[in-house]
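Asks: Sequence:
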Amino acid sequence: MVPSCFATCSRAALHHSKGFHSSARRHVPKAWSVAKLLNSKPSDPEGVVVNGWVRSIRNQKSVSFAAIVDGSSMETLQATLTPSQAESLSNGAAVRLTGLWRGTPKSKHQSHELYVQDVKIMGPSSAEVSKARLSHSSLTAGSSKLISKWQDYPLQKKYQSPENLRAMPHIRSRTPFNAAMLRLRSQSITQLTRFFADRDFTQTHPPIVTSSDCEGAGEVFWLSAREDRKEAVSAEDDGSFFRSRKYLTVSSQLHLEALAQSVGDVWTLSPTFRAEKSETARHLSEFYMLEAEMPFIDDMSSLMDLIEDMLRNLTMNLYETQVGQEILHGARSKPEGVVKDQVLEAELEKRWKGMMAPSWPRISYAEAIEILQQSKFTHRPVWGEGLQAEHEKYIASTIGKGMPVFVTGYPKTIKPFYMLPSVGAAPSQETVECFDLLVPEVCEIAGGSMREHRSHELLEAMREHKLIKDGEPGTDAILGPLKWYAELRQWGSVPHGGFGLGFDRLLAYLAGVPNVKEVVTFPRWVGRCDC
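Under our numbering, residues 1 to 531 are what the sequence shown spells out, in order.
Simulated from the structure, these hints should not be mistaken for laboratory data.
Here a beta-carbon is modelled for each residue, glycine too, at the ideal position from N, C-alpha and C.
One or more hints might be untrue.
SDA-like, lysine to any residue: derived pairs with alpha carbons at most 20 Å apart [said to hold, decoys possible]:
no.: 1; residue 1: K415; residue 2: R454
no.: 2; residue 1: K415; residue 2: I363
no.: 3; residue 1: K415; residue 2: E345
Here are the computed distance ranges between Cβ atoms for each label pair [what the hints assert, rightly or not]:
no.: 4; residue 1: H329; residue 2: W491; range: 45 to 55 Å
no.: 5; residue 1: K376; residue 2: R245; range: 43 to 53 Å
no.: 6; residue 1: K353; residue 2: A281; range: 15 to 25 Å
no.: 7; residue 1: I121; residue 2: E276; range: 40 to 50 Å
no.: 8; residue 1: R245; residue 2: R454; range: 21 to 31 Å
no.: 9; residue 1: A167; residue 2: S56; range: 13 to 23 Å
no.: 10; residue 1: E163; residue 2: S56; range: 20 to 30 Å
no.: 11; residue 1: A167; residue 2: A197; range: 31 to 41 Å
no.: 12; residue 1: R245; residue 2: S56; range: 48 to 58 Å
no.: 13; residue 1: F377; residue 2: K30; range: 52 to 62 Å
no.: 14; residue 1: C531; residue 2: Q60; range: 32 to 42 Å
no.: 15; residue 1: H329; residue 2: I121; range: 29 to 39 Å
no.: 16; residue 1: R243; residue 2: S56; range: 12 to 22 Å
Based on the provided sequences and hints, a complete structural model is requested.
Replies: Quick look at the structure:
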């Protein structure tokens with residue numbers, strides 16, 4: 001119970017705080033977003049306020065039109081101004097417009113327009129205007145020289161190639177399509193969070209800095225501090241900030257396994273880093289992974305059911321949203337919204353319907369190899385080797401027929417140490433309880449497995465993958481940085497499994513974008529980290 005004196009003091013402080021702010025704050029009318037204004041009619045059509053940026057200006061003899069955007073819609077708001085009001089406007093300028101929201105029966109695109117009564121330029125974008133504003137300021141010689149090189153706003157209302165936009169990541173999201181991708185990402189996170197909350201999963205924040213390479217592929221970023229010493233201090237201290245080599249995480253899986261033994265089903269949506277020197281349309285050095293772990297499950301069908309349910313639920317909910325409809329239809333209606341080689345609307349509709357299908361095909365790796373060997377490829381499919389992109393595309397298109405496809409039971413020799421071996425497999429063709437989820441064109445977007453939960457078997461698998469040295473198992477020197485992971489098998493270990501889904505690849509698939517770099521606001525890949 002809160003003491004009465006504390007409650008009285010709190011109320012007095014709150015009253016004083018409200019009084020202070022209400023007297024000092026200037027009244028600013030509530031602004032409408034472009035999306036809300038286009039989709040509804042304000043009860044009072046006079047004095048409508050809109051904050052946004054000028055997308056383009058069209059001047060006629062007695063009237064001017066400005067297309068206003070604020071990122072809330074792929075559509076622009078048409079504002080009608082007098083030539084004198086539009087005189088100081090330029091593309092990219094931030095404005096606050098106040099006016100009358102009135103019907104325009106002659107317009108083919110909008111039922112209403114904003115007839116502007118007052119224009120306030122909040123931030124100019126014309127280089128000349130900006131320079132003029134600062135000409136009377138006290139500037140150093142260095143600052144003046146930099147300002148003299150300012151340029152006009154680079155985004156004009158015309159087609160901008162993806163390559164050109166990638167060189168301007170700090171303003172790329174101002175284009176209609178890239179703004180829509182931000183909203184698609186936000187809406188997807190909202191829907192996924194709700195999905196897992198409804199199923200009693202605990203959302204977690206695993207560490208970004210780790211002591212181990214989960215996948216064992218060696219494609220990791222080493223972490224170092226500027227003050228790191230170059231010589232070791234002792235056998236336990238190599239002179240670095242953390243006293244031993246640490247990495248940026250390649251997966252949150254190992255830490256999620258620990259958390260799953262504490263609170264049950266867990267999930268995370270976290271950044272992941274891979275030092276892959278690849279410039280393909282599917283790879284990034286920094287990307288987001290949605291990962292989940294489930295204890296007390298006996299086979300991987302539970303995991304596949306969860307992924308299928310999750311992606312179906314997500315797609316169905318996105319389909320009902322404004323941004324979902326914009327991605328399906330609006331993104332292809334305007335030149336500035338189109339991305340080169342973007343999937344056509346009919347094909348994109350097929351992708352979404354496939355995601356919403358009631359049941360997805362599941363085939364084994366062995367079956368996939370048999371199917372692939374009946375056709376010709378650049379890389380011949382062979383049992384015991386990983387599937388190439390051309391193989392995955394073929395399986396996704398011929399078996400899935402528009403739906404995602406699960407491929408299960410890959411060879412043990414090509415998979416990480418932590419996967420549970422399949423029961424009953426021939427010694428010459430040992431497989432593990434794992435799966436990949438393939439979709440047309442994008443190929444793999446998710447992968448998961450049952451985890452090896454038995455202590456002795458895990459140690460043997462780690463030794464086979466050369467993750468621990470030969471010798472007496474169980475000692476710190478033998479287990480190295482994975483000691484803590486091995487200890488999880490000693491104290492209440494249970495059958496468990498999990499999966500990881502490439503969140504950015506998923507968004508690229510749903511948006512019909514061929515290159516994952518177009519769905520990430522600030523993409524990083526080999527040789528590129530611009531800002």
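Asks: Each hint: holds or not?
Replies: Results for each hint:
| no. | hint | result |
| --- | --- | --- |
| 1 | K415 x R454 | holds (18 Å) |
| 2 | K415 x I363 | holds (18 Å) |
| 3 | K415 x E345 | violated (37 Å) |
| 4 | H329 x W491: 45 to 55 Å | holds (54 Å) |
| 5 | K376 x R245: 43 to 53 Å | holds (45 Å) |
| 6 | K353 x A281: 15 to 25 Å | holds (24 Å) |
| 7 | I121 x E276: 40 to 50 Å | holds (46 Å) |
| 8 | R245 x R454: 21 to 31 Å | holds (29 Å) |
| 9 | A167 x S56: 13 to 23 Å | holds (22 Å) |
| 10 | E163 x S56: 20 to 30 Å | holds (23 Å) |
| 11 | A167 x A197: 31 to 41 Å | holds (40 Å) |
| 12 | R245 x S56: 48 to 58 Å | holds (53 Å) |
| 13 | F377 x K30: 52 to 62 Å | holds (60 Å) |
| 14 | C531 x Q60: 32 to 42 Å | holds (39 Å) |
| 15 | H329 x I121: 29 to 39 Å | holds (34 Å) |
| 16 | R243 x S56: 12 to 22 Å | violated (57 Å) |
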